[in-house]
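A.B. asks: Turn these sequences into a full structure, and let the hints steer you where they fit.
Chain by chain, the residues:
There are 2 protein chains.
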Amino acid sequence: MERPILEHTLEQLRNALERDDLASAANIIEAMRPADQADLFAELEEEQQHALLPEIAPEDSADILEELDDETVAELVDALSDETIVRIMDEMEPDEVADLLGDLHPDRAEMLLSGLEDPDEVRPLMIHPDESAGGLMTTEFLVLRRRMTAAEAIEAFRLWNPDAETIYYLYVVDQIGRLSGVVNLRQLILADPDTLIMDLMETKLITVGPDTDQEEAAQLLLRYDLLALPVVDDQKRLLGVITVDDVMDVLEEEATEDIQRYGGAQPLERPYLDTPPSTITRKRIGWLLLLFITATLTGSVMLLFQEELQAVVALAIFIPLLIGTGGNAGSQTTATIIRALATRDIEPRDAFWVWWHEARVGLLLGAGMAIAAYIRAITWEPDSALALTVSVSIMALVLWATSVGSILPLAAARLGIDPALVSGPLMSTLVDATGLFIYFSIAGIILGI
Amino acid sequence: MERPILEHTLEQLRNALERDDLASAANIIEAMRPADQADLFAELEEEQQHALLPEIAPEDSADILEELDDETVAELVDALSDETIVRIMDEMEPDEVADLLGDLHPDRAEMLLSGLEDPDEVRPLMIHPDESAGGLMTTEFLVLRRRMTAAEAIEAFRLWNPDAETIYYLYVVDQIGRLSGVVNLRQLILADPDTLIMDLMETKLITVGPDTDQEEAAQLLLRYDLLALPVVDDQKRLLGVITVDDVMDVLEEEATEDIQRYGGAQPLERPYLDTPPSTITRKRIGWLLLLFITATLTGSVMLLFQEELQAVVALAIFIPLLIGTGGNAGSQTTATIIRALATRDIEPRDAFWVWWHEARVGLLLGAGMAIAAYIRAITWEPDSALALTVSVSIMALVLWATSVGSILPLAAARLGIDPALVSGPLMSTLVDATGLFIYFSIAGIILGI
Chain A
491 MERPILEHTL EQLRNALERD DLASAANIIE AMRPADQADL FAELEEEQQH
541 ALLPEIAPED SADILEELDD ETVAELVDAL SDETIVRIMD EMEPDEVADL
591 LGDLHPDRAE MLLSGLEDPD EVRPLMIHPD ESAGGLMTTE FLVLRRRMTA
641 AEAIEAFRLW NPDAETIYYL YVVDQIGRLS GVVNLRQLIL ADPDTLIMDL
691 METKLITVGP DTDQEEAAQL LLRYDLLALP VVDDQKRLLG VITVDDVMDV
741 LEEEATEDIQ RYGGAQPLER PYLDTPPSTI TRKRIGWLLL LFITATLTGS
791 VMLLFQEELQ AVVALAIFIP LLIGTGGNAG SQTTATIIRA LATRDIEPRD
841 AFWVWWHEAR VGLLLGAGMA IAAYIRAITW EPDSALALTV SVSIMALVLW
891 ATSVGSILPL AAARLGIDPA LVSGPLMSTL VDATGLFIYF SIAGIILGI
Chain B
491 MERPILEHTL EQLRNALERD DLASAANIIE AMRPADQADL FAELEEEQQH
541 ALLPEIAPED SADILEELDD ETVAELVDAL SDETIVRIMD EMEPDEVADL
591 LGDLHPDRAE MLLSGLEDPD EVRPLMIHPD ESAGGLMTTE FLVLRRRMTA
641 AEAIEAFRLW NPDAETIYYL YVVDQIGRLS GVVNLRQLIL ADPDTLIMDL
691 METKLITVGP DTDQEEAAQL LLRYDLLALP VVDDQKRLLG VITVDDVMDV
741 LEEEATEDIQ RYGGAQPLER PYLDTPPSTI TRKRIGWLLL LFITATLTGS
791 VMLLFQEELQ AVVALAIFIP LLIGTGGNAG SQTTATIIRA LATRDIEPRD
841 AFWVWWHEAR VGLLLGAGMA IAAYIRAITW EPDSALALTV SVSIMALVLW
891 ATSVGSILPL AAARLGIDPA LVSGPLMSTL VDATGLFIYF SIAGIILGI
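First to last, the protein sequences are chains A and B.
Residue 513 in this note's numbering sits at position 23 of the first sequence, with consecutive numbering throughout.
Residue 585 in this note's numbering sits at position 95 of the second sequence, with consecutive numbering throughout.
Keep in mind that a hint or two might mislead.
Copies of the same chain look alike in the list, so a pair counts if it works inside one copy or between any two.
[Said to hold, decoys possible] Simulated crosslink set (EDC-like; lysine to aspartate or glutamate; CA at most 20 Å straight-line):
1. LYS773 x ASP559
2. LYS773 x GLU561
3. LYS773 x ASP835
4. LYS726 x GLU630
5. LYS694 x ASP550
6. LYS726 x GLU742
7. LYS694 x GLU520
8. LYS726 x ASP703
9. LYS773 x GLU743
10. LYS773 x GLU759
11. LYS773 x ASP560
12. LYS726 x ASP664
13. LYS694 x ASP739
14. LYS694 x GLU497
15. LYS726 x GLU706
16. LYS694 x ASP526
17. LYS694 x GLU549
18. LYS726 x GLU692
19. LYS773 x GLU607
Since the hints were derived computationally from the structure, they do not count as laboratory data.
C.D. replies: Encoded structure:
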């Protein structure tokens, strides 16, 4: 609700609904763009939503359902009649229908599916998980044959009349449905009408399988500046097409999930202010408790070195400084590595080189911090042995933290776990406990306690 | 270099270069896609790059320069002759040429600019900062007039023959160049050839000004599923067009910068493994030192409460646990808020509501953690007053951390500072010092010390 114009429209909409003037309310919604329609609609009370949706033209209702978050859609579908839902679903993209049905009770989903005009367009999409290329693709595509002319292809496109704005690539298949090339609308228009498709088409294709992770598909489209990516099976038969608008949503979503995970929380499924505090709490408390338990390790290390602490009380004063710096150095490394993995700058098999890179960074950073720590320590407590202890410890800690911070996310990726689960808080907590151990050991050697 | 096929091609390329067979090497590069061309090229030695680039067809060299990172390009341009560079720049998109020239010494830039075939296409782009809509847009666009027919528009498109794959929107302007509508290629093809453009065009347009932040432009394109966004001046005159491929790069880049900043480091400008350890160190040490200085506050708080610590030594054991939990709760909040701001889920002016949301989360989380902390404390030291102290402190700390974690990034956004600068490490460090203060104050009250 950022734009004042939407606030104004929302007021009109609410007025119409208070007058029970559903037709006017529907008109107001229908005049907006899909993303704004969904935003306005989401601001209404639940009962208003249930009353209004059947009155809105099915193609607009379809846009609204496509834009709303999954949970809100599931609630709406529960509240509305099969007939209304089927009418709307007939106007939705097949991949969106498949996602929606996947969130419902299987019996209800089967009932709705069988009511659709073209259930066979949706059914194959339902076997692919949401987060795979198969779950992201649409099965609405036009196929051309190699011996068509450019003029015939344009005519075929006219007859097809796709309603998706983002369809500009047409795929060429052979007799048994295997993908053999792609032409875009631009090429068709620029070509002599009699040119054969086989002479126009690009045959070096980038394709993905239906099981490819949606993030990987998104990165391919991004890397090669494509508007769409074909999904093919083992026999190279065309199954569907992933379009650039879906890919942008995936990239945004994955970046959001990564930063939330990295911050030490499970990702939220809805926009922030629409997520009730109880849900946000649930998404966070697991990690908080786990880290709490890990943090008790730090207490145990302190108990272990109680004698050293009592012998040189000044050691305690530097604890927050040292473990803080270690945790920070680890967080910096992890953030960089997680993102480099996400954008495919590095691969899990580069582990050794990444570690070697970070080890050198750790040495440089550690040396810098050691100088700072020595100066700070000597001005706090004029004791050069203590200052040396603090200085050497911070050097060792930073090197240790950059090493752990680079190895852990790479190991996670190698094990097939999302590397963003190696969060900043996890790094700080791990480095706290192990760092104290390093600190007290070095103190033991230098101070002879 | 993730794909084995590229490794193989790289070997061929290196062999050709060792035989001094520049023509074969150029052929190998020219057969690849732009992103792969750039990757292969980046793997070569500097002298090999300097020798090879002039031999590659200018349109492929242009693609390579567009894909390489800015620093590498600047080095290449320094090493090559004006003649070579101008020949390549004539094949590049005007916005990319403007970016490149902006990174050079003004004298060299002016010299190269004056050598271009069409310097006037580039010159207006050079006044816009890199990160603005004006810096992101291209000035290569086709304008239509309202009284053209669909057939005439298609003919105009044919004559224009754009080389950018992503151009599918055509803009309609009036006599004095003001933007009045948009049609896409799909509509032109589907329309009766005699239809007037004014009857086809969409007139409700989403536009941005040249000074709009590129991230905001990207979010608009994403929100409305557009393939391009027109950039207009105060008088609504069309200045340029931002295309979806550039927007995807911006979204990726901004997400990368956010996660690196949030991890407590300045963003890197090049891919991770191409950035030397000394540069990575420079990007990190500033924050590390700043946080180090802030962390000395924690030591000062401990000195302040030395008496309490000596009275109840057991208080010390819980310090890492308490400040760790506070820091983690703060990091979780900050990550969520930063990302919600980036995706425009929340706006800086929602500050009060966001804080109220987080305060409730803080109460719930705090209550949960208080129970866990009580159990942990009582099993560690069977002292119910101490356990109560720890338990009440963790509750207060979590509430404090979620409040600070939500207010700080919102305040930064309001002041026009990137909210991602409120990093996880900054949150932990701030909450460490203030949290200890809260802990000792509560201990003073409950334990009467």
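A.B. asks: Work down the list of hints and note, for each, if the structure agrees.
C.D. replies: Hint by hint, here is what the structure shows:
1. LYS773 x ASP559: within (17 Å within a copy, 38 Å between copies)
2. LYS773 x GLU561: For LYS773 and GLU561, the Cα distance is within 20 Å only inside one copy (16 Å; across copies 41 Å).
3. LYS773 x ASP835: Classified as between: cross-chain Cα gap 18 Å, same-chain 30 Å, threshold 20 Å.
4. LYS726 x GLU630: within (18 Å within a copy, 37 Å between copies)
5. LYS694 x ASP550: between (38 Å within a copy, 17 Å between copies)
6. LYS726 x GLU742: Classified as neither: same-chain Cα gap 29 Å, cross-chain 30 Å, threshold 20 Å.
7. LYS694 x GLU520: Between copies only: 14 Å across, 42 Å inside.
8. LYS726 x ASP703: within (18 Å within a copy, 43 Å between copies)
9. LYS773 x GLU743: within (17 Å within a copy, 27 Å between copies)
10. LYS773 x GLU759: within (10 Å within a copy, 33 Å between copies)
11. LYS773 x ASP560: within (17 Å within a copy, 40 Å between copies)
12. LYS726 x ASP664: Within one copy, since 10 Å is at most 20 Å while 48 Å is not.
13. LYS694 x ASP739: neither (27 Å within a copy, 23 Å between copies)
14. LYS694 x GLU497: Between. Shortest inter-copy distance 18 Å satisfies the 20 Å Cα cut-off; intra-copy 49 Å does not.
15. LYS726 x GLU706: Within one copy, since 19 Å is at most 20 Å while 40 Å is not.
16. LYS694 x ASP526: Classified as between: cross-chain Cα gap 13 Å, same-chain 39 Å, threshold 20 Å.
17. LYS694 x GLU549: between (37 Å within a copy, 19 Å between copies)
18. LYS726 x GLU692: Result: close within a single copy only, 16 Å intra versus 39 Å inter.
19. LYS773 x GLU607: neither (39 Å within a copy, 58 Å between copies)
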